[in-house]
Amino acid sequence: MLFNSLEYVIFLPVVVVTYFIIPVKWRWTFLLVASYFFYMCNKVEYGILLLFTTLVDWFVAFQIAQASTLKRKKAFLAISLIANLGMLAGFKYLNFFSESINFLLDSFQMQGSLPVFRILLPVGISFFVFKSLSYTIDVYRGIRAPEKHLGYYALYVSFFPQLIAGPIDRSSSILPQLHHPRDFSTARLISGLKLIVWGIFKKVIIADRLGLYVDEIFAHPEAYTGLSVILATVLFAFQLYCDFAGYTDIARGSARILGYDLMINFNRPMVAKSLRDFWNRWHISLTTWFRDYVLYALPYVRNKKVIFSRLYFNLIITYLLMGLWHGADWNFVIFGFLNGVFLVIETITEKKRNWFLDRTGISRHSILNNLLGNVVTLILIIFTLIFFKADNLEESLLIISNSFDFSNLYASLWKILHDNELLFGIVMLATMLVAEHIHEKHDLVRLIASRHIIIRWLVYIGFIFFVIIFWVQQKQEFIYFQF
Amino acid sequence: MTQKTIIRFLLFLTVMVAVNFILDRAFKAFSVHNAINKTMDRQFEEYQGTMKYLTLGNSHNCINTYILDSSFNYGSPSENFIQSYYKLKHVLEETGQRPRNLILQADVSSFGPMIANRFEYNSYWIHYIDYFELARIKGNRDVLDKWLEGKFMSYAGNYKDIQLSIFYRIKVKTLEIYNGYRPHRDYRNFANNPNRQRTAWNKANLILSPDIYMDPSIAVYFEKILQLCQKYRINVMLIRIPMSKEFYEEECKIVPVDKLYAEVEEIACRYPVYDRILDYHDLFSDHPEYFFDPDHLNIKGADLFTEHLVKDLEQMDSASRAE
Numbered sequence: 000m001l002f003n004s005l006e007y008v009i010f011l012p013v014v015v016v017t018y019f020i021i022p023v024k025w026r027w028t029f030l031l032v033a034s035y036f037f038y039m040c041n042k043v044e045y046g047i048l049l050l051f052t053t054l055v056d057w058f059v060a061f062q063i064a065q066a067s068t069l070k071r072k073k074a075f076l077a078i079s080l081i082a083n084l085g086m087l088a089g090f091k092y093l094n095f096f097s098e099s100i101n102f103l104l105d106s107f108q109m110q111g112s113l114p115v116f117r118i119l120l121p122v123g124i125s126f127f128v129f130k131s132l133s134y135t136i137d138v139y140r141g142i143r144a145p146e147k148h149l150g151y152y153a154l155y156v157s158f159f160p161q162l163i164a165g166p167i168d169r170s171s172s173i174l175p176q177l178h179h180p181r182d183f184s185t186a187r188l189i190s191g192l193k194l195i196v197w198g199i200f201k202k203v204i205i206a207d208r209l210g211l212y213v214d215e216i217f218a219h220p221e222a223y224t225g226l227s228v229i230l231a232t233v234l235f236a237f238q239l240y241c242d243f244a245g246y247t248d249i250a251r252g253s254a255r256i257l258g259y260d261l262m263i264n265f266n267r268p269m270v271a272k273s274l275r276d277f278w279n280r281w282h283i284s285l286t287t288w289f290r291d292y293v294l295y296a297l298p299y300v301r302n303k304k305v306i307f308s309r310l311y312f313n314l315i316i317t318y319l320l321m322g323l324w325h326g327a328d329w330n331f332v333i334f335g336f337l338n339g340v341f342l343v344i345e346t347i348t349e350k351k352r353n354w355f356l357d358r359t360g361i362s363r364h365s366i367l368n369n370l371l372g373n374v375v376t377l378i379l380i381i382f383t384l385i386f387f388k389a390d391n392l393e394e395s396l397l398i399i400s401n402s403f404d405f406s407n408l409y410a411s412l413w414k415i416l417h418d419n420e421l422l423f424g425i426v427m428l429a430t431m432l433v434a435e436h437i438h439e440k441h442d443l444v445r446l447i448a449s450r451h452i453i454i455r456w457l458v459y460i461g462f463i464f465f466v467i468i469f470w471v472q473q474k475q476e477f478i479y480f481q482f
Numbered sequence: 000m001t002q003k004t005i006i007r008f009l010l011f012l013t014v015m016v017a018v019n020f021i022l023d024r025a026f027k028a029f030s031v032h033n034a035i036n037k038t039m040d041r042q043f044e045e046y047q048g049t050m051k052y053l054t055l056g057n058s059h060n061c062i063n064t065y066i067l068d069s070s071f072n073y074g075s076p077s078e079n080f081i082q083s084y085y086k087l088k089h090v091l092e093e094t095g096q097r098p099r100n101l102i103l104q105a106d107v108s109s110f111g112p113m114i115a116n117r118f119e120y121n122s123y124w125i126h127y128i129d130y131f132e133l134a135r136i137k138g139n140r141d142v143l144d145k146w147l148e149g150k151f152m153s154y155a156g157n158y159k160d161i162q163l164s165i166f167y168r169i170k171v172k173t174l175e176i177y178n179g180y181r182p183h184r185d186y187r188n189f190a191n192n193p194n195r196q197r198t199a200w201n202k203a204n205l206i207l208s209p210d211i212y213m214d215p216s217i218a219v220y221f222e223k224i225l226q227l228c229q230k231y232r233i234n235v236m237l238i239r240i241p242m243s244k245e246f247y248e249e250e251c252k253i254v255p256v257d258k259l260y261a262e263v264e265e266i267a268c269r270y271p272v273y274d275r276i277l278d279y280h281d282l283f284s285d286h287p288e289y290f291f292d293p294d295h296l297n298i299k300g301a302d303l304f305t306e307h308l309v310k311d312l313e314q315m316d317s318a319s320r321a322e
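Protein chains in written order, with numbering that gives the first Met the number 0: chain S, 0 to 482; chain A, 0 to 322.
Please keep in mind that the hints were generated in silico from the structure rather than gathered at the bench.
Treat the hints with care, since some could be wrong.
Said to hold, decoys possible - With a cut-off of at most 30 Å between alpha-carbon atoms, the simulated DSSO-like pairs for lysine-lysine come out as follows: (1) K42/S - K145/A; (2) K414/S - K252/A; (3) K414/S - K244/A; (4) K37/A - K137/A; (5) K3/A - K193/S; (6) K159/A - K414/S; (7) K310/A - K193/S; (8) K42/S - K91/S; (9) K27/A - K37/A; (10) K159/A - K137/A; (11) K37/A - K145/A; (12) K51/A - K230/A; (13) K299/A - K414/S; (14) K145/A - K193/S; (15) K193/S - K440/S; (16) K88/A - K230/A; (17) K137/A - K91/S; (18) K299/A - K252/A; (19) K310/A - K244/A; (20) K258/A - K137/A; (21) K37/A - K230/A; (22) K145/A - K159/A; (23) K137/A - K42/S; (24) K3/A - K24/S; (25) K272/S - K440/S; (26) K159/A - K193/S; (27) K223/A - K258/A; (28) K159/A - K37/A; (29) K272/S - K350/S; (30) K137/A - K88/A; (31) K137/A - K150/A.
Construct all of the structure, not just a fragment, from the sequences and the given hints.
The structure is reproduced here in structure tokens:
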């Protein structure tokens, strides 16, 4: 079920109304049933995978907590890791490994090949597996006690607003909220609805509109050069942001109406002044997941001479895995690897850059330095996103080489300037970025809420109908649904 | 929740519903496309005499009804076989009209997934299409969004139509429509386009898909049209409208054209009412001046093409009479 579908428009109000009408003690049961229904709308069989993860991790977490020896704890954690990552590997990475090995065998002209299966990737598997896995690791580390109630745990894993594409909230944040459901609140309803409408605006007005242009260029990279390609790669970064941040807003808004607070997943990443800053603002729930459960878990040497090189190595490995998390393709591996390498370079050169600034008398917090940092960060991120968007390595390289070809500059410019849809999308994008900037400083929502009711309603109703009228009719799935 | 909050909430909802109602009604009344389509509907209902030829299709279909006697051109922009089926069903079941021949536009793009999933002007099509049946056949509940749009929120996502309606409202009143035929008022000359191949490439890639050359739902509705004609004993002729040479070359790069038409013939031949395919796709291969873009004839091209068609139909008529 898509958030931007008619089904969800019916589903959400029905769930909200029923949820608050029924007795409190039945609410978790109802929400659990609704969440499974939401997930199984995509494919009924997917529910089994969700149930499997839930049952394994709930049982394993108990065994870990009760285990008397570290060895036993590790054994049970291994069961959880094998079950979850095995499922992920089977559905998502099996063909990737088979095809890669077959390619190697072919390259060395060796006999034999591994079979390639036609497996449909269950939606949201990367998200709910990581959510469930974080719980067992937390129990193993002694950060939290195991959840006694299977129903609440099952609801934590399957909670519909965040089931398909996150945020990957931790159990320590969600489970206490599930145990103590809040009563209906008008303030939460209104604030949740505002968040949903804002999310829909980002998705259907900006992301889908920019997507029309971006998809055309990336579908035929051999046919476009120079400015067209550069603009498409730049706009893809913003399309991805609006698409995913829009999804997250709808998810958070839906949960808020029901009385639950989900974590913020995006914090204006496009104003980041460095790559580190960017990854602290972009898909925060995934970045922190990898930080806590991969980067911190990787072995490092406690020797001052090698500690940094080991840390850098770990950083690259973490980002490489984060890239692979997005998709089973070498393109995603390169995307992650490049980000890791760029981050390491940024860290290594930090002292030298600061020394240079001090010598030239430019303040580290000056507008010039911030702007330069922002531009460089965006260029690097946009460059790595070429690998994220393109279908394969050849296409990525073609796009990169074509972006330096300015032989058709005037034709490209003419096409861009005559594409009303694209120009409107860029204007809307600029409006959104300005609105986010103002909101950061003045709390735009509160500013509007403090106005007279007639003005307030005019703004709300005007905005809602603006979204409905300028809705892009060619419905596109959320980009992160494929992961 | 206080009583005041409930009242405010209900009031807000009421305002929303009222604004939606006004916008929906205004769009239905003032939309350019609705106005044109309704004019065609009215002309069809008022049609006097024997209707020898009924033509269906999309904007490629430019059969001039001034030239082809006793005919009605009921094609409309972006119309696909699904819409054509429901319109034909309505014509045959609800109106008294019984055309002798159906000339059904069957271009390469008529069978592709792009046009199969393109449902525009739903506030007009809501009168014809059974969206629930369509959702069942397509196995896609998203079609119901179109029903909702057509029924209650006709303006949703139709900003281009709104813009057209505002700027061209007056012009629409003066548009000449005769037996459904409306000459294309686009005065560009494709021959003057310095980059014809590139323009053709763009257009072909926009409306054709390399993955599927015959959409399953289109195949179903193509057969349904034939079944309907079989039931009412209406002779069916498929027609391939002239395309520019550049466009046809690009089509062939994307779609296995011969394979597609072999399949089309195979389906059509199952029905005795199927007559033949009239293939004019290369009629003006060397005449880009008869097109205003890669795949649309201009007024002159449409007239010349219709004259060819009339000649061929007359020959076919006399041949069948001789038999």
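Against the structure, the hints:
Straight-line distance between C-alpha atoms of K42/S and K145/A comes to about 23 Å, which keeps the hinted pair within the 30 Å bound. About 24 Å separates the Cα atoms of K414/S and K252/A, which keeps this hinted pair within 30 Å; it holds. Distance hint between K414/S and K244/A is fulfilled; the C-alpha atoms sit about 23 Å from each other, no more than 30 Å. This hinted pair checks out: K37/A and K137/A have alpha carbons roughly 27 Å apart, not beyond 30 Å.
A hinted pair counts as satisfied when its Cα atoms are at most 30 Å apart, and K3/A with K193/S qualifies at roughly 20 Å. Taken as a hint, the K159/A and K414/S pair is honoured in the structure, with Cα atoms around 19 Å apart against an allowance of 30 Å. In summary, the hint linking K310/A to K193/S is not supported, as the alpha carbons are separated by about 64 Å, beyond the 30 Å threshold. Between K42/S and K91/S the alpha-carbon distance is near 16 Å, which keeps this suggested pair within the 30 Å criterion.
Of the supplied pair hints, the one linking K27/A and K37/A holds, its CA atoms being roughly 11 Å apart against a limit of 30 Å. Distance check on the hinted pair: K159/A and K137/A sit about 27 Å apart at the alpha-carbon level, within 30 Å; holds. In summary, the hint linking K37/A to K145/A is supported, as the alpha carbons are separated by about 19 Å, within the 30 Å threshold. Restraint check: the Cα-Cα separation between K51/A and K230/A comes to about 17 Å, which is no more than 30 Å; the hinted pair holds.
Pair hint K299/A plus K414/S holds up; C-alpha atoms about 28 Å apart against a cutoff of 30 Å. Distance check on the hinted pair: K145/A and K193/S sit about 25 Å apart at the alpha-carbon level, within 30 Å; holds. Distance restraint check for K193/S and K440/S: the Cα-Cα separation of roughly 19 Å lies within the 30 Å cut-off, and the hinted pair is therefore satisfied. Proposed proximity of K88/A and K230/A is supported: the alpha carbons are some 11 Å apart, at most 30 Å.
For the hint linking K137/A to K91/S, the alpha-carbon distance of about 28 Å falls within 30 Å, and the restraint holds. Taking the CA atoms of K299/A and K252/A, the gap is near 29 Å; set against the 30 Å cutoff, the hint holds. Annotation: proposed proximity of K310/A to K244/A holds, straight-line Cα distance about 23 Å (limit 30 Å). For the given pair, K258/A sits about 23 Å from K137/A by alpha-carbon distance, which is consistent with the 30 Å threshold.
Proposed proximity of K37/A and K230/A is supported: the alpha carbons are some 27 Å apart, at most 30 Å. As the CA atoms of K145/A and K159/A are separated by approximately 17 Å, the hinted pair is consistent with the 30 Å bound. Proximity of K137/A to K42/S is assessed by CA-CA distance (about 17 Å); at most 30 Å being required, the pair is judged to hold. Between K3/A and K24/S the CA atoms are separated by roughly 29 Å; this keeps the pair inside 30 Å, and the hint holds.
For a cut-off of 30 Å, the pair hint linking K272/S to K440/S stands: about 18 Å separates their Cα positions. With a C-alpha separation of about 27 Å, the suggested pairing of K159/A with K193/S holds against the 30 Å cut-off. Proposed proximity of K223/A and K258/A is supported: the alpha carbons are some 21 Å apart, at most 30 Å. A hinted pair counts as satisfied when its Cα atoms are at most 30 Å apart, and K159/A with K37/A qualifies at roughly 19 Å.
For the hint linking K272/S to K350/S, the alpha-carbon distance of about 16 Å falls within 30 Å, and the restraint holds. Proposed proximity of K137/A and K88/A is supported: the alpha carbons are some 19 Å apart, at most 30 Å. Under the criterion of a C-alpha separation no larger than 30 Å, the hint pairing K137/A with K150/A is consistent with the structure, at around 20 Å.
Consistency note: the structure conflicts with earlier hint 7 alone.
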